[in-house]
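Now for the letters of each chain:
Protein chains: 2
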Amino acid sequence: MSATYHVAGMTCGGCARSVEVAIKDAAPGVESVTVDLEAGTVTVSGSADDASIETAVDDAGFTYGGRAA
Amino acid sequence: MSATYHVAGMTCGGCARSVEVAIKDAAPGVESVTVDLEAGTVTVSGSADDASIETAVDDAGFTYGGRAA
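One line per chain: the protein sequences are B and U, in this order. Numbering of the first sequence is given in UniProt numbering, commencing with residue 1 and proceeding in unit increments. Numbering of the second sequence is given in UniProt numbering, commencing with residue 1 and proceeding in unit increments.
Hints were generated in silico from the structure; no laboratory data involved.
Straight-line distance between alpha carbons at most 25 Å, and here's what the computed DMTMM-like set of lysine to aspartate or glutamate pairs gives:
1. B:K24 - U:E20
2. B:K24 - U:D58
3. U:K24 - B:D50
4. U:K24 - B:D59
5. B:K24 - U:E54
6. U:K24 - B:D25
7. U:K24 - B:E54
8. B:K24 - U:D25
9. B:K24 - U:D59
10. U:K24 - B:D58
11. B:K24 - U:D50
To give a feel for the contact side, a few chain B residues facing chain U, derived at Cβ under 10 Å:
12. G9
13. M10
14. T11
15. G13
16. G14
17. A16
18. S18
19. V19
20. E20
21. V21
22. A22
23. A26
24. D58
25. D59
26. A60
27. F62
What follows is a list of derived Cβ distance ranges for each label pair:
28. B:A68 - U:G66: 35 to 41 Å
29. U:S2 - B:S2: 39 to 45 Å
30. B:H6 - U:M1: 38 to 44 Å
31. U:A68 - B:R67: 40 to 46 Å
32. U:G29 - B:S47: 33 to 39 Å
33. B:D36 - U:L37: 20 to 26 Å
Idealized CB from N, CA, C, for every residue including glycine.
Given only the sequences and the hints, what does the whole structure look like? Please build it.
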């Protein structure tokens, strides 16, 4: 299972890595995290729920924008 | 009280904000956080201990490098 989310505020590879690490650390059940900087999206595979992703993104200082698709 | 720490991996304003938010959220006693992107340092005022700062920086996906001064 995977889902893609809008995440605003990521502007470089450091931002991307930050969001990736935050989601992996904070959301149980996450298997992989892929950031698309240009699209401003993050694709998460695994069994994490949307609320965990939102909390992880917000805590890392970026803006969660819900499911992209 | 304030202390300045080396933090590697911050390359843009998004990174800076991420580290700032992570430290403010994770470390009790923090009053303010100031990031110097060019120097690669973060100055924290308040009563937070070094270990809390280190954990917050690492969890945000950046590299803690100890006290700068």
